[in-house]
Each structure stands twice: as structure tokens, then as C-alpha cells.
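Visitor: The whole structure should be built from the sequences, with the hints applied where relevant.
What follows is each chain in one-letter form.
Number of protein chains: 2
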Amino acid sequence: RLSQPIDFGNRGMTLEEDINETNEYYLAQQKAIIHKKPTPVQIVQVDYPKRSAAVIKEAYFKQASTTDYNGVYRGKYVDFEAKVTKNKTSFPLSNFHEHQIAHMEHVCSHGAICFVIMRFSAHNQTFFFEAEKLFPWWKRQYDGGRKSIPYEVICEEGFLIPMKYQAKVDYLHIIDQLHFRTEEEE
Amino acid sequence: RLSQPIDFGNRGMTLEEDINETNEYYLAQQKAIIHKKPTPVQIVQVDYPKRSAAVIKEAYFKQASTTDYNGVYRGKYVDFEAKVTKNKTSFPLSNFHEHQIAHMEHVCSHGAICFVIMRFSAHNQTFFFEAEKLFPWWKRQYDGGRKSIPYEVICEEGFLIPMKYQAKVDYLHIIDQLHFRTEEEE
Ligand SMILES: [Mg+2]
Ligand SMILES: [Mg+2]
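Protein sequences, first through last, are from chains A and B.
With the numbering used here, letter number 69 in the first sequence gets 69, and the count goes up by one each step, no holes.
Each number in the numbering used here corresponds to the 1-based position in the second sequence with 186 added.
By construction, these hints were calculated from the structure, which means they are not laboratory data.
Using 25 angstroms as the maximum straight-line C-alpha spacing, the simulated DSS-like pairs for lysine-lysine come out as follows:
hint, chain 1, residue 1, chain 2, residue 2
1, B, K269, B, K319
2, A, K31, A, K168
3, A, K37, B, K269
4, B, K248, A, K50
5, B, K222, A, K57
6, B, K222, A, K62
7, B, K248, A, K62
8, A, K31, B, K223
9, A, K37, B, K217
10, B, K223, A, K83
11, A, K62, B, K223
12, A, K50, B, K243
A partial selection of chain B residues facing chain A, derived with a Cβ cut-off under 10 angstroms:
hint, residue
13, F247
14, K248
15, G257
16, G261
17, Y263
18, G297
Here are a few chain A residues that sit away from chain B, every Cβ distance over 10 angstroms (derived from the structure):
hint, residue
19, K133
20, R140
21, M163
Predicted model only: the values in this text are computed from it and were never measured.
The beta-carbon is built from N, C-alpha and C at its ideal position, and this holds for glycine as well.
Guide: Laid out in C-alpha cells, this is it:
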């Protein structure tokens, strides 16, 4: 039995930090209001010490039923999940849970702007991959299809997210191109 | 020092249950996708027992920086806070935190559908009160204004939410009237 200070760090933390920083920049610039949802926790036992804050003494991590991030951009609902892989040649579908896919399908059917931010840490590349392009891969894996999306597919069908100084994962730039392109630009 | 199983029950729990049930109904009917955000918790210490789930041994409640609920309806971003008062004659502004008001102002400025669901438990009445109508009351309290919104104002400027069998807090009905009224109905 190992007890240790929490360190979510190993898996995807850097991406999460980059996205949180980007969201703070978007907020400060009044570009978009996007927040990470708190980690869902099942609270079992709480102590209420006198004259100090309540202490949660027993709780468990719950599987998220939705995605990591949501918010509003230009009045539209934005919803996305962030995932990192160390793989070089493909993105494993095991990174997603059935619940998350179902949630993404639901919000898509209600007109959301929904996508995945995928980082290939070995390539130091971060992609914007639309949820609608993920769903067929997810379904085909149960029909004998492969259990991962090839890196080439993500390069071709996804969008490389530029890494900027103040917006390390500048995904609004991609949303603009996909959803708000003005006639002049087309 | 008192240790006890968690029971969020006393304050606003019934309203939360009613809204969660309503949201499940909306989801099942594919009317809207609205979720409650998890309670934000600052995790300090986690145990990793062999062969069983990680146990959070020390954590603290954090003040929410946003509102309780958000999601998508007809492609639009929806964001709201739910609050209960036992007061009969007014709704105390102390129910809100500065952070929540700031968040509501931010999302409003980005075109969100943003409101408060206020329950007067003594009257057994639940109101839909638009965020834009809350802001002036919030500001005036720091200019010597009153620290609560009179019940009559909420009756007049808010909308009584019908309590239906399957949608106990049927707030989409009000959103339809306010934001999606068809020309025929006008
Ligand atoms: Mg994630
Ligand atoms: Mg609340």
C-alpha cells in the first residue's frame, strides 16, 4: 500500500496545463469562455473540524460521464476531450470510454462544436480532430476494425494546432476556419 | 470534531435532484444535453492500495469558479446556477459568489443563454430569472443598494417554472418562449 501526494502528472498533464493556460488567455482576451470540468469524485466520508474547513477523508475517482472541457464561443456550445498518446504510428481508441463517445454523439446531434485534442508526445504534435470523424473508427472496432486511428489519417483528416506563445494550443483558430469562415476568406 | 457520512441534503438538494431528473428526461428525449458539473475538490493525498481502487484520503471543497450546470440546447450554449432560499419575502444575494456572477457576465457577453433557477422553498415555487436581470441587483448592493431581490420582483420579472411529472423543473419551456419563439406564436 502506497500513499503519496497526488501527481496527475504522468498522463496528459502537460497537455492539460497547456490547454488550461490557453483557456485563461482566451478568457483574458474575451475570446471564448471555456473551462475544464472538475475531476468527478464520489465523496464517502467528510470530517467537520471546529473552526476549520471540512476535510474529505474518503473519496473515490469516478469515471467521467462527459468530456473534459466545455464552454461558449461566439454563442455556440463548444465541447472537447483532450488525450495524449506516446504511440508514434497510431492513436489507440482505448483512450476513450464508451460514455465519452456517447456524450460527444449527443452534443453533436444538438449542434455543438465537438472535437478531440490529440497530442502525439513523441512527435511533439497536437491535432484537432473532429468528433464526427472519430465516431466511424469507434464503431468499426466492434466490427473487427482496428483498435486505433493511424497517424497518417490524423495528419490528413485532422488539423495541426499551432503552438503559439500565449495560446499554446490555439484551437479557436481551427474552429474559426471550420465554423466561422467568412465569405471573403473562402 | 464531527465525522459523518456525507449528506449534502440540507441545502438545495431537492432542487438539485429535481433538476438532475429533468436533465435526464431531456437527455432521454433528446431535447437538450445539460449536465451538472462535478463538485470541485482540491485533492491532497491519495492512497493506492494493491488490487483495488485509489482512495482519496485528504481533500477539500473548493469554491466553484463557474456555475452548476451547462450544456447545449438547439446549438446554443446554456449555463445556469440553481439556488434555494427559505426566505419568504426576498432572495438574498449572499447566495451568490463574486466568481459566479463574473462567470455569468462572461458567458452572457459571448451569447450564452444564462439564468438562475431560484426556488422559494416556503412558497414551493421555482423561478427562472435571467442573468441579465440579476446583474443590476448584484452591483447596486455595493452602492448602498439592498442585499436581496424582493419576492415581488422575482414574480414580475422572472418566470414561474411549471412543475411537470416527467420534467420537474421544466426550464426549456421558458427558454423556448424567450429565445426560440416562432413568428407564428408571436
Ligand atoms: Mg482527457
Ligand atoms: Mg447551486
